[in-house]
Structures are given as C-alpha cells and as structure tokens.
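All chains should be modelled from the sequences, with the hints used to inform the complete structure.
Here is what each chain is made of, one letter per residue.
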Amino acid sequence: MTDLPLKSPFVLEAKKLKKSFATPHREKIHVIDGIDLSLNAGESLSIRGESGAGKTTLLNLITLLENPDSGEVLWEGKTVSKYKHFNLAKQRGNFFGLIFQSHYLIPELNALENVLMAKRLIGPLELEDKERARELLNVVGLKNRMTHLSNQLSGGEAQRVSIARALMNNPRVIVADEPTGNLDEKTGLGVMELLLSLCSEVQTSLILVTHNPDFAEQTQRQGFLTFGKLEIK
Amino acid sequence: MPWYFYLAFKQLFPSGKRFSFFAVMAIIGVTLGVMVLVVVTTVMNGFAEKMRETVHNATGDIRITSNAIIYNSQEFIDKVKKFEFVEAVAPHALGMVMLKNGDYPGFPLLKGIDFELEDKVLPIKSYLIAGDLKDLDENSIILGSGFAASIAAKVGSSVEVYTPLMLEHMKKDEVLLPRELKVVGIYETGWNAIDSKSALVALSLMQELYGMGEGIHGVSIKLKPGVDIHFATSELKKAFANSPYIISSWMEDKYNQDYLFVLKLEKTMMFFIMIFIILVASFSIASSLMTSVIRKIREIGLIGAMGGTSSQIAFSFCFQGFFIGIVGTILGCIFGIIAIYFRNGIIHTILGITQRKDVLSNFYQFTEVPAHFLLSDFLIISLSAILIATMAGLLPAIKAARLKPSEALRND
Numbered sequence: 001m002t003d004l005p006l007k008s009p010f011v012l013e014a015k016k017l018k019k020s021f022a023t024p025h026r027e028k029i030h031v032i033d034g035i036d037l038s039l040n041a042g043e044s045l046s047i048r049g050e051s052g053a054g055k056t057t058l059l060n061l062i063t064l065l066e067n068p069d070s071g072e073v074l075w076e077g078k079t080v081s082k083y084k085h086f087n088l089a090k091q092r093g094n095f096f097g098l099i100f101q102s103h104y105l106i107p108e109l110n111a112l113e114n115v116l117m118a119k120r121l122i123g124p125l126e127l128e129d130k131e132r133a134r135e136l137l138n139v140v141g142l143k144n145r146m147t148h149l150s151n152q153l154s155g156g157e158a159q160r161v162s163i164a165r166a167l168m169n170n171p172r173v174i175v176a177d178e179p180t181g182n183l184d185e186k187t188g189l190g191v192m193e194l195l196l197s198l199c200s201e202v203q204t205s206l207i208l209v210t211h212n213p214d215f216a217e218q219t220q221r222q223g224f225l226t227f228g229k230l231e232i233k
Numbered sequence: 001m002p003w004y005f006y007l008a009f010k011q012l013f014p015s016g017k018r019f020s021f022f023a024v025m026a027i028i029g030v031t032l033g034v035m036v037l038v039v040v041t042t043v044m045n046g047f048a049e050k051m052r053e054t055v056h057n058a059t060g061d062i063r064i065t066s067n068a069i070i071y072n073s074q075e076f077i078d079k080v081k082k083f084e085f086v087e088a089v090a091p092h093a094l095g096m097v098m099l100k101n102g103d104y105p106g107f108p109l110l111k112g113i114d115f116e117l118e119d120k121v122l123p124i125k126s127y128l129i130a131g132d133l134k135d136l137d138e139n140s141i142i143l144g145s146g147f148a149a150s151i152a153a154k155v156g157s158s159v160e161v162y163t164p165l166m167l168e169h170m171k172k173d174e175v176l177l178p179r180e181l182k183v184v185g186i187y188e189t190g191w192n193a194i195d196s197k198s199a200l201v202a203l204s205l206m207q208e209l210y211g212m213g214e215g216i217h218g219v220s221i222k223l224k225p226g227v228d229i230h231f232a233t234s235e236l237k238k239a240f241a242n243s244p245y246i247i248s249s250w251m252e253d254k255y256n257q258d259y260l261f262v263l264k265l266e267k268t269m270m271f272f273i274m275i276f277i278i279l280v281a282s283f284s285i286a287s288s289l290m291t292s293v294i295r296k297i298r299e300i301g302l303i304g305a306m307g308g309t310s311s312q313i314a315f316s317f318c319f320q321g322f323f324i325g326i327v328g329t330i331l332g333c334i335f336g337i338i339a340i341y342f343r344n345g346i347i348h349t350i351l352g353i354t355q356r357k358d359v360l361s362n363f364y365q366f367t368e369v370p371a372h373f374l375l376s377d378f379l380i381i382s383l384s385a386i387l388i389a390t391m392a393g394l395l396p397a398i399k400a401a402r403l404k405p406s407e408a409l410r411n412d
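Chain order of the listed sequences is A and B. Going letter by letter, the first sequence gives residues 1 to 233 in our numbering. Going letter by letter, the second sequence gives residues 1 to 412 in our numbering.
If you're looking for bench data, these hints aren't it; they were derived computationally from the structure. Heads up, a few of these hints could be off.
As the list claims (entries may be wrong) - Within a straight-line C-alpha distance of at most 27 Å, the following computed DSSO-like cross-link-like pairs (lysine-lysine) qualify:
no. : chain 1 : residue 1 : chain 2 : residue 2
1   : B       : Lys404    : A       : Lys78
2   : A       : Lys130    : B       : Lys238
3   : B       : Lys197    : B       : Lys100
4   : B       : Lys404    : A       : Lys90
5   : B       : Lys264    : B       : Lys50
6   : B       : Lys404    : A       : Lys18
7   : B       : Lys254    : B       : Lys264
8   : A       : Lys90     : B       : Lys10
9   : B       : Lys264    : B       : Lys81
10  : B       : Lys10     : A       : Lys15
11  : A       : Lys143    : B       : Lys17
12  : B       : Lys224    : B       : Lys237
13  : A       : Lys229    : A       : Lys18
14  : B       : Lys197    : B       : Lys254
15  : A       : Lys229    : B       : Lys404
16  : B       : Lys222    : B       : Lys111
17  : B       : Lys10     : B       : Lys399
18  : A       : Lys130    : B       : Lys296
19  : A       : Lys28     : A       : Lys186
20  : A       : Lys28     : B       : Lys404
21  : A       : Lys90     : B       : Lys399
22  : B       : Lys17     : A       : Lys130
23  : B       : Lys296    : A       : Lys16
24  : A       : Lys90     : B       : Lys296
25  : B       : Lys10     : A       : Lys143
26  : B       : Lys224    : B       : Lys82
27  : A       : Lys15     : A       : Lys229
Right, dumping it as structure tokens:
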C-alpha cells in the first residue's frame, strides 16, 4: 500500500523561482533570485518595489506567462510548468483573474461582451453566464453601461469592467498589476476598494502589485521586492 | 460559437455598428475584382464561342486535302460518301492567283467550289452580303469583303485574273491572256483571315484556270448530327492511312488550331491581368489586418494570457480574410451576373453617348455583346479570390500568433 501524496494547503505556491535576463552587453541580471511564495485561499498579498524591481516578471512567472529559469510553480498543489501550451492557457484562464494597469478591453465589444469574453476563452458559454456577467457589471456599478463600448467608458469605468471580467470565471486567484496606475487618486481609490471588497466577498485570493503604500496596507500580507528577493511581512 | 470565430465576426461587425469601415472597404475591393473577372471572362467566352462558331462554319466539320491534284475526283467523293457518318461532301480546288481591278492588284486564294454541294456543307448563302448566288457562272466571281475593299471592287466591277498557268504557257512562248470576270457577289464570314484573302469561283472555272482537268484539291465534309467529330476523323484517317491525303477536323487544322489557341491565350492573359485587382484588394486586407494586430497588440496579449492559444489567435485573423473573400466573391459573382445580364443595354448606352453606334457591328460583326457562362470559370475565379483574401489574412495572423502574451502586455 502506498501513501497518497498530501494535497498542498496553498492555493498558489512558488518554490525557489529564478529568472534572469541578459543585457545587450551579455551581462546577466538576476531579476528574480530564488523567491518562495505561498498564498492561502482567500488571502490577499500586496507586492511593492521600485520600478524595474521585477514585480511584473514575478507575476508573469506565477501565472506562467513566462517560464522560470529554475524553480517550480504549483496551482492548487499541481505542478503546472509541464502543461502543454493549449492546456496551460485554458488552466490559466480558469485559475487566474488578470487585471492590468490598462483595462485592455477589446474595442469592438461592449462592456457585457468583454466580460463574457473571459468565459468564451476557456469554453463554450452556458445559459447562466450572461446573467452572471450582468450581475458582475451590476456589482461594479455599471448596470447602465453594459452595452457601451470601451471608448464610451471613462478610465475608471473601463477598469471596473476589467475587474468584472477578471471575476467572471470564479478564479482562485486575482492577479492585479498596478490596477490604479492609470487612474486619478479618487477613481483609483474607488477601484481599489471595490477590488478588495469583491475579493474578500467571494473568497478569492489576491496578489496586488502597487506603488501605493496605503493600498498595500489594506491587504493581509505585504511584500517588498528588492534585488530579486521578496520580503513578506 | 468558438471565441476565435466570435472575435473575428466582432472585428468585422463591431457591436454598436453595423459593420467596420475596414470590412466594407475590403469586401468592396474583392467584390470589384471578382465582378470584373466574371464580366471579362464571360464576355471573352462569348467572343471565343462566336469565333469558334465562325471558324467552324467557314471550315466545315472535316477536310480532306492533298498537295497533289486528285484526278479521279468523282471516285474519291463517292468513297468518302460511303461512310455512314457523312452527310454531305463538297469538292474544292484551291490556288493563288493575281487579281486586278483597274490599278488595284491583289493576291487572293481562289477557291473553286460546286455551289450546290458547297451549300450543303457550309452556310455559304448566309455569308453573302451583296449580290446574288444565282448570277454566278463561269465568267463571274464572288469576293471576300475584306479583299474586295482592298482592291476597291464592288458588285458589277470587272476584274482580271492571272494564274500560274500563264507562266507555263510563257515558257512555251505562248501568251495566255488574263481572264476577265465580273464580280457578282461579296461575302463575309466574320473571320478576317478568310474575308480579306479569298475569293470564290465555280469549280469548273478554277479547274480551267489551273489546267486541272476534272481534278480537285480536296473535299469538305459535313457530318450527320450527333456524330462525334473526333471519332469520324479517326475513322477517315484509318481508311485513308496509306494515301497522301491530309485529313483534319476543323479543330485540328493548323491555322484554326493556332487561332483557337490565341483565343484561349487572350482569355488567360485577361484573367491574369484582372486578377491584379483582387491582389490589390488583398494588400489592403493585409495592411488593415496588420494595422489591427499592431494596434491591438496588448489586447491580443491579454487574450493569450486569458486562455487563447497562438493557433486560435492566428485563426481569428486568418478567418477575417477568408470571410472577406467569401462575401466579396458572392457579391462579385452576383453583380457580375447582373452586369452581364444588362451588358447590351450598357454597351449601347456607352456607344450612344460616344456617337459610335455602328462600331460594334462594323468591327466585330456582332450587334450584341456575346456572353457565355462557364461554371469552371466561376469556380476558378471564386477559389482564387477566396484563396488570395485568406492568404492576405495569413501574414497578420502569423504576426499575432507569434506574440508572447507577456511581451505583448508590456508593449508600449
């Protein structure tokens, strides 16, 4: 009789992640230098660091948009680095909700269709999906803007649509890379409050990259990335 | 609907708008190209069909000729008539002569025919545009329209005929005077090669002018309806295998063959010239899609990050080219058929505006623009247009597929 492997208690885990880039002069820069990271279900973590510290690279490694030079990434205890391309893309779309500094809404689609696009990318639409997308847009305060195209929305509204889109597939982890970076202070605050409250409400884990210490303070754990190392409080 | 189809359709027909400017322009480009190709190839087919008919009528179904004189002509004709697929046989004698109308000389190919028999093989009466066949006797001649014009002859003119037989007599210190013939008719087959270089006389006159006795140079054969021309030709070739006769169907005749080949070549050339319209349209599709890929580089990156694979992203862009090709081709075929349907009205309006109403009938012998639809042409045009439009989407598709989501998302 063999022992069954223990399931990882973490929703997301990164072990000894390393990533380096070569400069034009063939020097190696170790952007991520052996980072260990773990995240419990529903937990929120903020990552701060100077520009160029490697925050976005770390997010790319965690979501496997980039492959690490070494180390391992586990999504709900499963090693995902060996997934085939097609499967990996689908798994990522299912597992993560992605929010970026810009909203990146598809300009030919209206707000509702942009939210539904997240579901379309990982599989066929179900009858209830449209209802869920409407509900999410309602929650982010865009009940009356569902049929508006991205160029008919303000920056804050478009970012709210992207939050709804990130939540569409009930992801286990929301990865937000400076989601308020392009917004004014007041709008940014509104978006951040919405994001934090929604993540806590639906028990989705959150990794938030931000420059703003006030926003960072609102997450359960705070990390600071410097010289390729992540220090977590 | 899979997302890549959905996104492709949305890019062509965005929400809140009926269609995108790019899609409309691209579809119009392909439509115009296909329409022009359909019109040109159909009219070219019509012209070719008319010309084939003209050549066929002027040549007869099958010809048996000989470089030497066939002296036992009646026996030869009877032998040919015995084939069950032969409906009628008409003998002829051919030879170059010099013909003078006053100060205007010409060198036509003079064809001696038995008019009654010839009428059963070729639609000779229908070619007559002036004069009357009844007036033709051993002292008269009928001229091809082009040739008559070149020597300024008309019905009633007197022409002098000089034959090679005169040279033979001169060698013997004899002088044979030119034969004076009266022009009693002008014919026009519509085939310039015949009309500008030939004249017809009675077979007996030609035999006399060439000193052939009862001899002939060959026969024209008309086949019974429904007989396969290739079968009949091969049967005759088998039967006359060891004889000096040259047997050829109207399509095998060297001159006709070249002429038909040129007609086909003209059509092919026109196709290749006109397909450039679709190629130009394809460049506009390619550049618009490429601009779209570059403009939406981060959105494409996000799609890749959220679950779209490279091949699906490529397919989405390639499908747009394909869709434009399909819609443009269908519209092009419809508008092409409409243009063909109203071709005569269009042409006559243009000729009316330019005050050149008679040019069509004068130059082409047609009062209406001929057209002949060929399914194979429609298929070739449609497949070419769809293929070119799809290929136009391929380059932007490859560019989009090669984008790495992480790099695309960082793109400024």
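Which numbered conditions among the earlier hints are violated in the structure presented, ordered from lowest to highest?
Hints 2, 9, 10, 19 and 23 contradicted; others consistent.
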